[in-house]
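S.K.: All chains, please: the whole structure from these sequences, using the hints.
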Amino acid sequence: MAAAERAGMTGTMASHYAEEFARAEGGLVGADSGWFKAARRRALTHFGRIGFPTPKEEEWKYTSVAPIESRSFRLAGHPRNGLDVAELDRLRLIEAHELVFVNGYYSAQLSRLASLPAAVSVAPLSEALPDSLQEHMERQAEQPGNGFAALNAALLSDGVHIRVGSGVTLKTTLHLLFISTAPDGPTASFPRVFIEAGANSRVLIIEHYAGLTPEEYFTDALTEINVGPGATVEHYKWQMEGARGYHIGQMLVHQQRESRVTSYSVSLGAALARDDIAVSLAGEGAGASLNGLYMAKGRQHVDHHTSIDHQQPHTTSAEYYKGVLAGHARGVFDGKVVVREGAQKADAELTNKNLLLSEHAEMDTKPELQIYADDVKCSHGATVGQLDEDALFYLRSRGIEYSQATALLTYAFADDVVARIAIEPMRHAIERHLTAYLPRAALDMELL
Amino acid sequence: MLTISNLHVCIDGKPILRGIDLEVGPGEVHAIMGPNGSGKSTLAHVLAGRDAYEVTQGTVVYDGADLLAMPPEDRARRGIFLAFQYPVEIPGVNNAYFLKAALNAGRRYRGLTEFDAVEFLSLVREKMKLVHLDEALLKRSVNEGFSGGEKKRNEVFQMAVLEPRLAILDETDSGLDIDALKIVAEGVNRLRGGDRSIIVVTHYQRLLNHVLPDAVHVLSEGRIIRSGQRDLALELEERGYDWLRPNALA
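Going down the list, the protein sequences come from chains A and B.
Be aware that the first sequence starts at 5, since it is given in my numbering, and climbs by one per residue.
Be aware that the second sequence starts at 281, since it is given in my numbering, and climbs by one per residue.
The set of hints was computed from the structure by calculation and includes no laboratory data.
Possibly wrong hints are sitting among the right ones.
[Stated by the list, open to error] Only some residues are given here: those of chain B computed to face chain A with a beta carbon under 10 Å:
no. : residue
1   : G329
2   : R330
3   : P351
4   : P352
5   : E353
6   : A356
7   : F361
8   : L362
9   : I370
10  : V373
11  : A381
12  : L383
13  : N384
14  : A385
15  : Y389
[Unchecked claim] Covered by chain B, according to a simulated footprint, are these stretches of chain A (three or more residues, beta-carbon under 8 Å):
no. : segment
16  : 390 to 404
17  : 417 to 426
Think of the CB as a built atom: it goes at the ideal place given N, C-alpha and C, for glycine as much as any other residue.
M.R.: This is the structure:
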């Protein structure tokens, strides 16, 4: 596509979203807040300038967002039209504080927020706009080169602000459920999650994206987590968008000294999914563990980008991502670890392993270490491979059918990541998903 | 039971087996001996259905059916079992799960009811004793972290559970100390009997001190150059293989 034509297209799309903005502005979250309104407008202008990323940008080399760009997604007018509540109920977790968002909008009626400890606040943005949000909004809205963050800021449909006070352990899981139903044609939602974990607090959060529609739609999500000194945050992202859904998600994590973050990012759904995680280890002794599992088949495209910035001494990071690609699926993994000059005694480990189940599946993986300190321990490794022929023959030589042998070995490949997932319904959903890759495999789960 | 006629096999275009003829009757134990590189393991793997090998000529008839036309899993379900020289480690696949799936695949194929967890466990407990295997190995991944001896005993244990009609032991004696060898031999002997046929592929004759063969064949450069009785194995033990080679005979 010629540059001029592209620019023209970006212009068209920017004006499409500018029209959406003009149409919806009065009803958007924070419409009566001066600073919020101004921040939205600046973000929209910024988006108009930079538009969507193109494959010419290194960060988007293997992932074209042209399918998102070429469609005119609209904000849902009547978000809860046609929602099947029984289907929604199947996605609920038994013991959790549950916040339900439908097509980008919070629903108090569908949410189940039991009483919370006094020092914990969980507030949908449509109900409250805390002051601390202002700095956060302004920080994200005008990031260079990130059109999706700008668009999220401009059209932010709803979201949640979670604050866990110092020293508090929130025992019950926080389940944020983002449902898409595309109620009136191709819709877009722009959810925002903002988490502040106070010093020495503990919290477990699940961001769960689920598509309950065969129609096209677009989710542009942005999450920011600020982790106070000594705090522990466990974050699960469970992406099960619909087969024609587009998902762009970004998570920014800022960690203070001696804090711990464990992240699990599981991508199973969507026609095109992109997940970015950026972690700043900004305090001495902070540690992050990022785990990921992605599975794609048919013509799915799944892209995970992670970036970990060791800014201080004694910071640690351990990253373990695995992918299974079948059919004509395409996968991308880009893991960057930077150890800055002063970050002595940093320890970083990065692993990405991929299994291709079809000769038509493709994977691009790029682990990258940039080390500017001299006393550090860093390692990285990436593999792309097929099922082990010897193992396959061994299983078949005992009477196990080819498809079942394939299923067993695929399970075995994913097993070490799956086993780490402590949320049982999530783990079971992944196991079911694994069998769905292998249509004829009659897997008996009993002994697995 | 098994009739191999004029079998020629290549790997990557290189001929490995060059016209094998062998007849194994029901209940017979045949030993196939030969120096390294003679094609013994290739023959064992071809019978089990390994597809990296290209059969260029010849036929193999098993129970009246064309064995070479069957995928490996069908051969196994019809009663062929290969005890591997190098059992494969499969991390993440539970040993018990694997064996139960294998057992029930065979039972389904033969029109028998499948074993449930209780029946399966009582069967495997009994069979594990046969080869002195620790029950804890059932909970581990297939062969992962097993010692060399445990791997070989695990092969004989699987054989005992699956009760094949034709067992092919590929160098099952290699790498075993004398005690382990006796355990393996005893396991094999317990399975001997009735219609069950066994092909023992081995470099040395020491396993044949414990598992007495009905016939011994010497394989060299892809051909059977001599067939005889048990005393042939003893003679090989004493004199090595060289005296049998065509150039040595000339």
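S.K.: Hints first: check each against the structure and report whether it holds.
M.R.: Each hint tested on the structure:
{"no.": "1", "hint": "G329", "verdict": "holds, 7 Å"}
{"no.": "2", "hint": "R330", "verdict": "holds, 6 Å"}
{"no.": "3", "hint": "P351", "verdict": "holds, 7 Å"}
{"no.": "4", "hint": "P352", "verdict": "holds, 4 Å"}
{"no.": "5", "hint": "E353", "verdict": "holds, 5 Å"}
{"no.": "6", "hint": "A356", "verdict": "holds, 4 Å"}
{"no.": "7", "hint": "F361", "verdict": "holds, 8 Å"}
{"no.": "8", "hint": "L362", "verdict": "holds, 5 Å"}
{"no.": "9", "hint": "I370", "verdict": "holds, 5 Å"}
{"no.": "10", "hint": "V373", "verdict": "holds, 5 Å"}
{"no.": "11", "hint": "A381", "verdict": "holds, 5 Å"}
{"no.": "12", "hint": "L383", "verdict": "holds, 8 Å"}
{"no.": "13", "hint": "N384", "verdict": "holds, 8 Å"}
{"no.": "14", "hint": "A385", "verdict": "holds, 4 Å"}
{"no.": "15", "hint": "Y389", "verdict": "holds, 7 Å"}
{"no.": "16", "hint": "390 to 404", "verdict": "holds (count 12)"}
{"no.": "17", "hint": "417 to 426", "verdict": "holds (count 3)"}
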